[in-house]
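Spelled out from the first residue to the last, the chains are:
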Amino acid sequence: MPATNRTKKAYKSDTEVLKGNPRSNSSGFELKDYYTPDDVKGSYKSKLGAPGEYPYTRGIHPDMYRGRLWTMRMFSGFGTPEDTNGRLKLLLSHGETGLSVAFDMPTLYGLDASSDRAHGEVGKCGVNVSSLKDMEVIFKGIPLDKVSTSMTINAPANILTAMYAVVGEKGGVPKKNLAGTVQADILKEYIAQKEWMYPPEAHMRIIRDMMIYCTNNMPKWNYISISGYHIREAGASAVQELAFTLADGFEYVKLGIENGLDVDSFAPRLSFFFNSSTNFFEEIAKFRAARRIWAKEMKETYGAKSERSMKLRFHSQTSGYSLTWQQPLNNIIRTSVEAMAAILGGTQSLHTNSYDEAWALPSEQAVEVALRTQQVIAHETGIPDVVDPLGGSYYLESLTDKMEEEAYKYFKTINAMGGVVSAIKNGYLQKEIAATAYAHQRKVESGELKIVGVNAFSKENEQPINVLKIDFNAERIQRKRLREVKLKRNEGNVQRSLDRLRDIYSRDENSMESIIQAVKAYATLQEISDVGREVFGGWKEPTII
Amino acid sequence: MEGTNNNMKRRIRILVAKPALDGHDRGVLVLAKAFRDAGMEVLYAGLLPTPESVARIAVDEDVDVVALSLHNSAHLSAFPAVKKWLKKLGAGDIQIVGGGIIPPADRKKLEKLGITGNFGPGTPLNQVIEHVRKVAKKKWVKDQ
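As given, the protein sequences belong to chains A and B, one line each in that order.
When we follow the working numbering, the leftmost residue of the first sequence carries the number 1, and every step to the right adds one.
When we follow the working numbering, the leftmost residue of the second sequence carries the number 546, and every step to the right adds one.
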């Protein structure tokens, strides 16, 4: 849609250069003309150290990508369990061993396909799972002892973990051999993505249950992936993403320790998920600062002895927010730069977004270009040839220090409020993010920040692009399957398992075994979630605006 | 920026809402602030309201415009559902403006149903604000 003349006038001329203006980044750091050795403080050994050595600023492995490239883990999932099973098998036939499953909105909110609220949303943004039956179909014919599965699920992560464990068991793979990840980071849901079922304390207790259960029974299961991605997408700056995500991480560490776990028994299973956005050096500095802060805090504050507890491992994804619907092919360039920042920042795995995602879920062609972007960087550019090639840059090291320094200021503020849960309940974190988002948009409006194709070098008549069409049958199919599951199952078993869970939830005992029993009895995702809703109640966020 | 409509000397009342299972609220929060800064009276429906409850709030609060945003591909069912409820409640004159991740073909479908705008991410705030002023004026003319 063409901008009106008045709108166009509101923007500064496309070609105008902002001479003499102070330069800053998303974190609001003022940047100098250039940097010198005077801008870098501290010794090489204490601030950087060799790659693979404490404090891991330069990377968690001595050889990084010389030893093994990052994992190109493309997130996918759509429609019915059969659709997703087909897609996963296709990926496996191409030699992939790391699967990554996206779920639809009803599943993410713990609602069945048959719920009124699910109407129009089943299978849309991912695959629908309403009962164990769906998980059995998704993983049919897939050797769960040979693959690792990442599931992007948060509020009902305990139920999906239980389903995966039961599918494994039925297929002859014991729980202890199952490898994978559930996102399960509920703190960032309250802060940013806003997909929850219960109040924060109840969800933290469920995470505690998973932490203890998995530490003892599923040693290869990453029961949490501490995520900054969504915090950034919601509008946070790079330094806010860094600070709020690490603060969340420390809350989970405290939770484990307070519940009697030895820090080194569970911390090695904690991993992170960051955003990689367009301000190249700022992003690289953020990743490096994250590693240094985590290592120091784990060692000095939380008493970790094992190096594995101190090494911050992370997945990254390029910024969805940075994609524009205008001139969509430009998004390939943005994604390339963001992918390079993640790689130069030492990521362990990477998802690159597709150029058409400001229009719709990505088409196959767009997904292929996104994957090829990573392959070009991996095999043609020489970027992975040397570990932390930007280490020692006066600018980058100074920026890394500044990131660390500013993150600690946020830690102090959050601690003074009584921790992350308090800072969620009083709306502080949400308001900080909303304020940054609005300030950013204002800068775009004024032309202080230029976005190519949006407020600079824009075109009058944008041609629509071909986008993925989603099949509407998923809802019908999923509702039918759910009816069949309910007809076949033993109602007495279902009720008993749900009563038992209600009892356990009320008594503050570890709930994982009883969730597994309910899943086995084919209690549905929503039936199990509803027990929690009865016991814990729902959650309404404080006023943000 | 000025929110009163010069011809009518009246402030625009607008409800912003995400009428489905969608927590991606960056856009609505930015828009709510922008509408407020543009002089409008802004209400926010909070997270996860149903289309029915959005329509009921709109009627109870006597708004001129409902601005709907979704990023979860539910716009084709949720936006028209709000429209349907408004009509049912006898408030078919309340204007609906849409936005979010909306494929081009769906924009046309929504327009046909009288849901206008359907702005994609990165749309200049001024463009959205002008559009809201335009449709509010249309409603006022209708109401007279």
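I should point out that these hints are in silico values taken from the structure, not numbers from a laboratory.
You may find that some hints are simply not true.
Capping the alpha-carbon separation at 25 angstroms, the derived lysine-lysine pairs in BS3-like fashion look like this [said to hold, decoys possible]: (1) A:K194 / A:K296; (2) B:K653 / A:K459; (3) B:K679 / A:K459; (4) B:K578 / A:K443; (5) A:K194 / B:K578; (6) B:K578 / A:K540; (7) A:K32 / A:K402.
A quick look at each hint next to the structure:
Simply put, A:K194 and A:K296 have alpha-carbon atoms about 30 angstroms apart, too far for the 25 angstroms limit, and the pair is violated. Between B:K653 and A:K459, the direct Cα distance comes to roughly 21 angstroms. Compliance with the 25 angstroms bound is thereby established for this hinted pair. The suggested pairing of B:K679 with A:K459 holds, with an alpha-carbon distance near 24 angstroms, which does not exceed 25 angstroms. Restraint check for B:K578 and A:K443: satisfied, since their Cα atoms lie roughly 14 angstroms apart, inside the 25 angstroms limit.
Between A:K194 and B:K578 the CA atoms are separated by roughly 19 angstroms; this keeps the pair inside 25 angstroms, and the hint holds. Proposed proximity of B:K578 and A:K540 is supported: the alpha carbons are some 20 angstroms apart, at most 25 angstroms. Proximity of A:K32 to A:K402 is assessed by CA-CA distance (about 13 angstroms); at most 25 angstroms being required, the pair is judged to hold.
Checked against the numbered hints above, the structure violates only hint 1.
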